[in-house]
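So the protein lines, in turn, are chains D and P. Counting with the working numbering, you get residues 1 to 164 for the letters of the first sequence. Counting with the working numbering, you get residues 165 to 505 for the letters of the second sequence.
It should be emphasised that the hints constitute simulated quantities derived from the structure, not laboratory data. Glycine is no exception: its CB is placed at the ideal position from the N, C-alpha and C atoms. Check the hints yourself; a few may be wrong.
Ranges of calculated distance between the beta carbons of each label pair, as one might list FRET restraints [what the hints assert, rightly or not]:
| no. | chain 1 | residue 1 | chain 2 | residue 2 | range |
| --- | --- | --- | --- | --- | --- |
| 1 | P | 197 | D | 143 | 54 to 60 Å |
| 2 | P | 276 | D | 28 | 39 to 45 Å |
| 3 | D | 117 | P | 246 | 50 to 56 Å |
| 4 | D | 28 | P | 361 | 43 to 49 Å |
| 5 | D | 70 | P | 487 | 43 to 49 Å |
| 6 | P | 246 | D | 96 | 35 to 41 Å |
| 7 | P | 495 | D | 95 | 20 to 26 Å |
| 8 | P | 503 | D | 90 | 24 to 30 Å |
| 9 | P | 272 | D | 86 | 29 to 35 Å |
Capping the alpha-carbon separation at 25 Å, the derived lysine-lysine pairs in DSS-like fashion look like this [claimed, not checked]:
| no. | chain 1 | residue 1 | chain 2 | residue 2 |
| --- | --- | --- | --- | --- |
| 10 | P | 378 | D | 55 |
| 11 | P | 437 | P | 329 |
| 12 | D | 5 | D | 161 |
| 13 | P | 437 | P | 449 |
| 14 | D | 84 | P | 361 |
| 15 | P | 242 | P | 329 |
| 16 | P | 298 | P | 271 |
| 17 | D | 5 | D | 158 |
| 18 | P | 437 | D | 55 |
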Amino acid sequence: MKSLKLRSHSPEQTQLLGSHLGELAQQGDIFLLIGELGTGKTCLVQGIARGLGIKEYAFSPSFVIIREYHGNLPLFHIDFYRIKHIEEISDLGLEEYLYGNGVCAIEWAEKGTSALPEENLTITLNYIPDSETERSIYFESEGKRYLELLEKLELRLKREKSWN
Amino acid sequence: MINIELLERRNMKILGIETSCDETAAAVIENGTRILSNVVASQIEIHARYGGIVPEVASRQHMLSIVPVIEKALTEAKTSWQDLDGVAVTFGPGLAGSLLVGVNVAKAIALSQNLPFTGVNHLEAHIYANWLNKEKPPSFPCLCLIISGGHSELVLMKGHGQFEKLGRTRDDAAGEALDKAARILELGYPGGPIIEKEASSGKPCLQFPRAWLKGSHDFSFSGLKTALWHFVQKNQVLGNNSLVANVAASFQEAVIDVLVTKTINAAEELPVKQILLSGGVASNKFLTKRFLDTSPIPVSVPPPHLCTDNAAMVGACGYYHFQNGNLSSYDLDVVPSLSLG
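Just chain D, with the same shape it has in the complex:
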């Protein structure tokens, strides 16, 4: 397991971070997003979409639960916001997406951890007290693939002064 803690100063910077992730993403990748309303989960996924070469805006799937986008790889943008029972998750046919040919980004993932693969990249976003636009973004990798991914991401960010 590896972890990485960052501070984003703006929605644009959160999107930029997402686009790095999107560029590094591979088929079968699972990104779990955790964070209070308004911390930038969808914003980060918009960046991931851009990194995957998707032209349209990825917008919130809170009500429709799953939205699909097609770029260099398919992006399955999933959201457990409205899920009340874990049983509902097992009935969504998620396997098709989780073990499919694309990248899965799952918002409010903590509502369904037991229905999700153990190996994943978990991204936790938090507000920073007394700041309107800053967020702390915490990455944790579980499994070899995500350890490597996080190492590559760290290397890329080192080249960008804004993350220091």
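Given the coordinates of chain D, assemble chain P onto it according to the supplied hints.
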């Protein structure tokens, strides 16, 4: 084989089926405008239960409800299978598993009853709520604002089946913004109607930001949501009933202000003959009042039960598909990410 002459009969009865999201619904519509029946599963008691759990967003619920809902729709319409002239079903956008239930049932009915059938776009269907129970149909071109929990779309409609997408939300849908505001204010679910109720006892006296996105017909509501979160953190809002009501009223005002202003501006710019509202948020009384009070262009608003998801709108839309010869074949597949225009 499908008998095309059937389509030219005078009183054409279409069975509409809708299973794209939470609601299992069926309706019988005559000539695209007259509602003979309009059944939504949540209105009726479904006796079958699966392990004591009735999932709210899962396809299993649709499977349990679809047959009793269709039977009730036919009974209420005093219509037999033989009286039907066609079947219309939503094939996207929505959850794949949920859409499949409706599409497969529609195919089975069409095949067994030798009826033509047509796949309908859920967003297009919402617009057709404006044709139901109206003495005079809308005049083209129209500007359509579709606002719900999952969508906020501004679409130009030049004629039946002719759509051009002008704008949409870049982040949260309008209904979603209202729902999340209710969550931040700890008011419960469903958030949209609760915010509306709170707003009626408050005053829109607080300033929340509006994302105008000048030069674009797109919408954005996530900044407003974050502003609300910060406001609630900084001020002692929760537990102060009159302040909660004022915050709800002010937040709702910000959402309405952007939706109404941008829609009317686009309608004048194009120009169009009419503005058509649809989707669950179109049942918000503050929003419709603002539209009716301020728009120089006539505004059509369906009654609340036709704004939220229903099958009557699918039947109405299907009628015009049949009129235009837009029939689907039995290999029609669901399209979860279908868009309009």
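Each hint tested on the structure:
Here the CB-CB span from residue 197(P) to residue 143(D) is close to 57 Å, well matched to the stated 54 to 60 Å. The hinted range of 39 to 45 Å is satisfied by residue 276(P) and residue 28(D), whose Cβ atoms lie roughly 41 Å apart. About 51 Å separates the C-beta atoms of residue 117(D) and residue 246(P), a value consistent with the hinted range of 50 to 56 Å. A hinted range of 43 to 49 Å holds for the C-beta pair residue 28(D) and residue 361(P), which are about 46 Å apart.
Checked against the given bound of 43 to 49 Å, the beta carbons of residue 70(D) and residue 487(P), roughly 33 Å apart, lie outside it. Checked against the given bound of 35 to 41 Å, the beta carbons of residue 246(P) and residue 96(D), roughly 39 Å apart, stay inside it. Range check, residue 495(P) to residue 95(D): about 25 Å between beta-carbon atoms, so the 20 to 26 Å window is met. A beta carbon spacing of about 29 Å between residue 503(P) and residue 90(D) agrees with the range 24 to 30 Å that was offered as a hint.
Hint check: residue 272(P) to residue 86(D), Cβ distance near 32 Å, so the stated range 29 to 35 Å holds. Only pairs whose Cα atoms come within 25 Å are accepted, and residue 378(P) paired with residue 55(D) is accepted, the gap being roughly 20 Å. With a C-alpha separation of about 17 Å, the suggested pairing of residue 437(P) with residue 329(P) holds against the 25 Å cut-off. Between residue 5(D) and residue 161(D) the alpha-carbon distance is near 15 Å, which keeps this suggested pair within the 25 Å criterion.
A C-alpha spacing of about 23 Å is found between residue 437(P) and residue 449(P), which places the hinted pair at or below 25 Å, so the restraint holds. Under the criterion of a C-alpha separation no larger than 25 Å, the hint pairing residue 84(D) with residue 361(P) is consistent with the structure, at around 24 Å. For the given pair, residue 242(P) sits about 39 Å from residue 329(P) by alpha-carbon distance, which is inconsistent with the 25 Å threshold. Annotation: proposed proximity of residue 298(P) to residue 271(P) is violated, straight-line Cα distance about 30 Å (limit 25 Å).
Taking the CA atoms of residue 5(D) and residue 158(D), the gap is near 13 Å; set against the 25 Å cutoff, the hint holds. Proximity of residue 437(P) to residue 55(D) is assessed by CA-CA distance (about 33 Å); at most 25 Å being required, the pair is judged violated.
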